[in-house]
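**Student:** Modelling step: build the complete structure from the supplied sequences, incorporating the hints.
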Amino acid sequence: MKKLCAVLAILMFIIGALPSLAQDMMDYPSDMTACEIDLTGETINIFHFGDLSGPNAFITQPLVAAVTDAMSYWNSRGGVCGAELQQIYEDTGGNLESTQSVYDRFTNEYADELDLLLLYSSNDGELLREQLAEDEIVSFISAGSIESLYGEDGQTPGWLYAGNPLYINQFGFFCQFVAANPVAFPDPVIGFVTWPGAFGLAGTEQAADDYCAGLGVEVLDEPQIFLPTDSDILTQVQNAIDSGANIIYTNTLATGPALIAGTLVDLGMEDEIQLAGVNWVMDTSVGILGQRVLKPNGLPAVDGMIGSMPYLWWTELSSPAVQFVMQQFNANNRSPAEQNIAYLVAWGVVDSIIETTIRTVNAVGSLDAVTGADIRPIVESMDYEVLGGLYRFHYEEGMRDGVLNRIAVLKYANSTMSGAATGPDDALLIDDGAGGKLFVPIVVPLSDFMEVPQLRG
Amino acid sequence: MTEFINRNRRQLTWLIYALAAIALLLFIGDQLAGKKAARIVQTLISGLLVGGVYGLVALGIVVINKASGVFNFAHGWMMVVGGMIFWSFFTVSEISFAGAALLAAATMLMIMTTVSYRNLLERRNLLITAGGALALTLLMTVGGIEWQWLRALTGAFAGAILTGLAVERFTIRPLIGQPFFTAVLMTLAVAEVLHGVTQIAWGTVELNLPVFVDPQTNSRFKPIRLDGLREALGGLAIIRVELVIAFVLALLAFIGFILFFRYTSVGLAMRATSEDQQLAQSVGLRVRVILAITWAVAAFLASIAGVLQGGAVGLSLNISFVALRVFPAVLLGGLESITGALVGGIIIGIVEQFGTLINSSEQVGTNLAPYVVLMLVLVIRPDGLFGEKRIERI
Numbered sequence: 057m058k059k060l061c062a063v064l065a066i067l068m069f070i071i072g073a074l075p076s077l078a079q080d081m082m083d084y085p086s087d088m089t090a091c092e093i094d095l096t097g098e099t100i101n102i103f104h105f106g107d108l109s110g111p112n113a114f115i116t117q118p119l120v121a122a123v124t125d126a127m128s129y130w131n132s133r134g135g136v137c138g139a140e141l142q143q144i145y146e147d148t149g150g151n152l153e154s155t156q157s158v159y160d161r162f163t164n165e166y167a168d169e170l171d172l173l174l175l176y177s178s179n180d181g182e183l184l185r186e187q188l189a190e191d192e193i194v195s196f197i198s199a200g201s202i203e204s205l206y207g208e209d210g211q212t213p214g215w216l217y218a219g220n221p222l223y224i225n226q227f228g229f230f231c232q233f234v235a236a237n238p239v240a241f242p243d244p245v246i247g248f249v250t251w252p253g254a255f256g257l258a259g260t261e262q263a264a265d266d267y268c269a270g271l272g273v274e275v276l277d278e279p280q281i282f283l284p285t286d287s288d289i290l291t292q293v294q295n296a297i298d299s300g301a302n303i304i305y306t307n308t309l310a311t312g313p314a315l316i317a318g319t320l321v322d323l324g325m326e327d328e329i330q331l332a333g334v335n336w337v338m339d340t341s342v343g344i345l346g347q348r349v350l351k352p353n354g355l356p357a358v359d360g361m362i363g364s365m366p367y368l369w370w371t372e373l374s375s376p377a378v379q380f381v382m383q384q385f386n387a388n389n390r391s392p393a394e395q396n397i398a399y400l401v402a403w404g405v406v407d408s409i410i411e412t413t414i415r416t417v418n419a420v421g422s423l424d425a426v427t428g429a430d431i432r433p434i435v436e437s438m439d440y441e442v443l444g445g446l447y448r449f450h451y452e453e454g455m456r457d458g459v460l461n462r463i464a465v466l467k468y469a470n471s472t473m474s475g476a477a478t479g480p481d482d483a484l485l486i487d488d489g490a491g492g493k494l495f496v497p498i499v500v501p502l503s504d505f506m507e508v509p510q511l512r513g
Numbered sequence: 026m027t028e029f030i031n032r033n034r035r036q037l038t039w040l041i042y043a044l045a046a047i048a049l050l051l052f053i054g055d056q057l058a059g060k061k062a063a064r065i066v067q068t069l070i071s072g073l074l075v076g077g078v079y080g081l082v083a084l085g086i087v088v089i090n091k092a093s094g095v096f097n098f099a100h101g102w103m104m105v106v107g108g109m110i111f112w113s114f115f116t117v118s119e120i121s122f123a124g125a126a127l128l129a130a131a132t133m134l135m136i137m138t139t140v141s142y143r144n145l146l147e148r149r150n151l152l153i154t155a156g157g158a159l160a161l162t163l164l165m166t167v168g169g170i171e172w173q174w175l176r177a178l179t180g181a182f183a184g185a186i187l188t189g190l191a192v193e194r195f196t197i198r199p200l201i202g203q204p205f206f207t208a209v210l211m212t213l214a215v216a217e218v219l220h221g222v223t224q225i226a227w228g229t230v231e232l233n234l235p236v237f238v239d240p241q242t243n244s245r246f247k248p249i250r251l252d253g254l255r256e257a258l259g260g261l262a263i264i265r266v267e268l269v270i271a272f273v274l275a276l277l278a279f280i281g282f283i284l285f286f287r288y289t290s291v292g293l294a295m296r297a298t299s300e301d302q303q304l305a306q307s308v309g310l311r312v313r314v315i316l317a318i319t320w321a322v323a324a325f326l327a328s329i330a331g332v333l334q335g336g337a338v339g340l341s342l343n344i345s346f347v348a349l350r351v352f353p354a355v356l357l358g359g360l361e362s363i364t365g366a367l368v369g370g371i372i373i374g375i376v377e378q379f380g381t382l383i384n385s386s387e388q389v390g391t392n393l394a395p396y397v398v399l400m401l402v403l404v405i406r407p408d409g410l411f412g413e414k415r416i417e418r419i
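Chains as they are written, first to last, in the working numbering: chain A, 57 to 513; chain B, 26 to 419.
Accuracy of the hints is not assured; some may be wrong.
[Stated by the list, open to error] Derived DEER-like restraints, expressed as beta-carbon distance ranges:
{"id": "1", "chain 1": "B", "residue 1": "G259", "chain 2": "A", "residue 2": "V239", "range": "27 to 33 Å"}
{"id": "2", "chain 1": "A", "residue 1": "D87", "chain 2": "B", "residue 2": "T242", "range": "48 to 54 Å"}
{"id": "3", "chain 1": "A", "residue 1": "Q156", "chain 2": "B", "residue 2": "W174", "range": "44 to 50 Å"}
{"id": "4", "chain 1": "A", "residue 1": "V245", "chain 2": "B", "residue 2": "A46", "range": "34 to 40 Å"}
{"id": "5", "chain 1": "A", "residue 1": "V239", "chain 2": "B", "residue 2": "A46", "range": "50 to 56 Å"}
{"id": "6", "chain 1": "B", "residue 1": "F206", "chain 2": "A", "residue 2": "Q187", "range": "31 to 37 Å"}
{"id": "7", "chain 1": "A", "residue 1": "A90", "chain 2": "B", "residue 2": "L210", "range": "33 to 39 Å"}
{"id": "8", "chain 1": "A", "residue 1": "A235", "chain 2": "B", "residue 2": "L57", "range": "32 to 38 Å"}
{"id": "9", "chain 1": "A", "residue 1": "V245", "chain 2": "B", "residue 2": "A45", "range": "44 to 50 Å"}
[Claimed, not checked] Over the 12 Å line for every Cβ pair with chain B, so calculated as not near, a few chain A residues:
{"id": "10", "residue": "Q117"}
{"id": "11", "residue": "G135"}
{"id": "12", "residue": "Q143"}
{"id": "13", "residue": "V158"}
{"id": "14", "residue": "D168"}
{"id": "15", "residue": "G214"}
{"id": "16", "residue": "A269"}
{"id": "17", "residue": "F282"}
{"id": "18", "residue": "D286"}
{"id": "19", "residue": "L290"}
{"id": "20", "residue": "A314"}
{"id": "21", "residue": "P356"}
{"id": "22", "residue": "S422"}
{"id": "23", "residue": "A429"}
Hints were generated in silico from the structure; no laboratory data involved. Note that this is a predicted model, so its numbers are computed, not measured. Here a beta-carbon is modelled for each residue, glycine too, at the ideal position from N, C-alpha and C.
**Tutor:** Spelled out as structure tokens, the structure:
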């Protein structure tokens, strides 16, 4: 563990700690609504639960760290409008029975206080969709499925609000990108190689296939599915290639993209097949885990992988939002392994919860009087730059997911940190603490933020 | 008609099974007919090699079952713990002396007190304990990158023995003489405890375990490409080296255990214990010691499997689920058969891969095919392919 921490500490230092450390502690970057009601002596609870020890734990655990740090930040400065922040959370291990049982307990024990709930996964969102509506509890979620956000018919907005665009919309956005770059992607055929479940299969809808076909991008009918425990996915990857895929798209994270990329290298197809995926494939964990296999040019197998990036990234230090989170990350001596998507975005989620609460309390007159039914119209009327620009919080006209996205590519830094390496000779390599070297992953945007297509049918 | 059916019920049942099997084979044949020979060969290779790893995991479960009659649901988490301990010693260049000494001392104490805590009252045993702990500590803390394998193997060995002995001592031993089902439930509890311990000790971040890395290139071993057969097969087939290593290790483990159970007194005692613990105790067999050895051995096997799986895909809490996928292999081969574990593992591995080749989108390979095969085999041989036939008179 020490070794990993050392490596990631160096990595973190390189990708941005230095500029931020050189500055004084920043002011909070959000342009928040002023408090009209004094909440001194009261407590604002941040309720959340989800998979902290199951298959998605390596993504979700830093979320708790970020919420903890954000609470400390606010409480050490007198709280929110004087009220102390407190988090109440539970680990469900990714088990839906546990999700239900925790939800039941929360709604019983905190019947008067639970008006706003943070969830992590699409599966939990689908399970609780109807119950949240019945109990009138507003829920924020990172990226929900169509069913969780809009119901089985895809047309009934519920009480869940996602920060990221729907995965299906991210996929449609990717098709736009492919169609707009015919030189890079002549005769594009996309095959899904992905995990099972609501998350893994979220982009494999007929509406997305039709949309992409309209852009001249063919999508293979049959997704190739593998499990996070699979050690060999040659069969799935070859199935996709044999069916004509020259682009492989994946709704996986951590080892998932790394395994696909490694398999492509094993098959000698790394230059012929473009690997792409949902926003989670751009995470730090993929950049590190993807170094197990090197391409013939000496760079890691995941080098050149394309993915969605609907928010800013750690390397975009020109943004006050990123600078601020980086400062807080360092100030709290967080483990470098926690410097992932979840930590960054969770600061944004806490910011949006606070802003929502302030606006609702201002409208209602007191914290005790706030109900989910009061929060809902506030959420739907907001147009708010989370943390002053990390992402946009805006749910107008029945929208329940984010509308802005961009495409980025995972690369590895060159030795001068002025761009991407072209090979191991000009790559920035850091000691991995065990006699080897590690490349430093960077994320390079390939497009500006643009609206995603709406494909939920 | 009814009389005909009643009179020939057995034959008719078999006829239905035979027709179903023929239909299944025709369906599979049809699905495979359009595939290139290279894909068939590749699928067979992948299935065989992945099946070897399944066999190794199955072996750990079977060893416990063979000696104690307990189906160990904690095996997956023993894999995770073993893999994590290995990782700690393999990737950390400076091992904490105090931490290593603590692990070594705890392991030696557990070994030396297997029969009785009073053993420590003897000066000779105390000296052995101290000496063993010192030797293990030195091996685990030897410095330098060039010794990482020695450190890791010693650490994983000590950790596995400690885990196995602790599980046996504090959870299984108190249940000797109790119904087997109680012990089975206990293994479920042990699984959750190990889950929690793993989370506290190593967190939940995915860890890279570079055991299959070529030191020359700092990349995973390049696969063996069957370029010479490309023309004949109509495409390329490859063999992944790390899976070959895992397969060979599995084979060696099997050979070792077959010989162990057949030709050593401890192995024979284990088999006797599995038949009836109280009877075995009454004829002078040290059931406690035998069970302790069994659990230590199973934990060691789990560690090997954890390292192999972690090296292939990365170390995370997810690898515990591999044990769940292996359960059909254990049942298929026969709950107490060493050979059955290997054969069952390989069959399930191949069936999974061919199921995936035919239809990956509906997860036929992982969710359906292994269980259909298991069902068919159990109908014909209720004790599994190599299981011992037991007749209970009622």
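**Student:** If a hint holds in the structure, say so; if it doesn't, say that too.
**Tutor:** Status of each hint after checking the structure:
Distance hint check: the CB atoms of B:G259 and A:V239 are about 32 Å apart, consistent with the given range 27 to 33 Å. Range check, A:D87 to B:T242: Cβ separation about 51 Å, and the 48 to 54 Å hint holds. Taken as a hint, the range 44 to 50 Å holds for the pair A:Q156 and B:W174, whose Cβ atoms sit roughly 46 Å apart. One distance hint, 34 to 40 Å for the beta-carbon pair A:V245 and B:A46, holds here, with the actual separation near 37 Å.
The hinted window of 50 to 56 Å between A:V239 and B:A46 holds, with their beta carbons roughly 53 Å apart. Checked against the hint of 31 to 37 Å, the C-beta distance between B:F206 and A:Q187 comes to roughly 36 Å, which is consistent with it. Between A:A90 and B:L210, the C-beta spacing of about 58 Å breaks the proposed range 33 to 39 Å. A C-beta distance of roughly 36 Å is found between A:A235 and B:L57, which places it inside the suggested range of 32 to 38 Å.
Between A:V245 and B:A45, the C-beta spacing of about 37 Å breaks the proposed range 44 to 50 Å. With a minimum CB-CB distance of about 5 Å to chain B, A:Q117 fails to clear the 12 Å threshold, and the non-interface call is violated. Listed as outside the interface, A:G135 is consistent with that label: its C-beta sits roughly 30 Å from the nearest C-beta of chain B, beyond the 12 Å cut-off. With a least CB separation of 18 Å from chain B, A:Q143 remains clear of the 12 Å interface cut-off, as annotated.
Taking the minimum C-beta to C-beta distance to chain B, about 16 Å, the non-interface status of A:V158 holds against the 12 Å cut. For A:D168, the non-interface assignment is confirmed: its Cβ lies about 32 Å from the closest Cβ of chain B, beyond the 12 Å cut-off. The beta carbon of A:G214 sits about 28 Å from the closest Cβ of chain B, which is more than 12 Å, so the claim that it is off the interface holds. At roughly 18 Å, the least C-beta separation between A:A269 and chain B is larger than 12 Å, which holds for a residue marked as non-interface.
For A:F282, the requirement that its beta carbon stay farther than 12 Å from each beta carbon of chain B is not met, with the minimum near 8 Å. Distance check for A:D286 against chain B: the nearest CB is about 7 Å away, which does not clear 12 Å, and the non-interface claim fails. With a least CB separation of 5 Å from chain B, A:L290 falls inside the 12 Å interface cut-off, contrary to its annotation. Not every CB of chain B is more than 12 Å from the CB of A:A314 (nearest about 7 Å), against its label as outside the interface.
Residue placement check: A:P356 does not keep its beta carbon more than 12 Å from all beta carbons of chain B (closest about 9 Å). The Cβ of A:S422 sits about 39 Å from the closest Cβ of chain B, beyond the 12 Å cut-off, so the non-interface label holds. Its beta-carbon lying about 36 Å from the closest one in chain B, A:A429 satisfies the requirement of being farther than 12 Å from that chain.
Checked against the numbered hints above, the structure violates hints 7, 9, 10, 17, 18, 19, 20 and 21; every other hint is satisfied.
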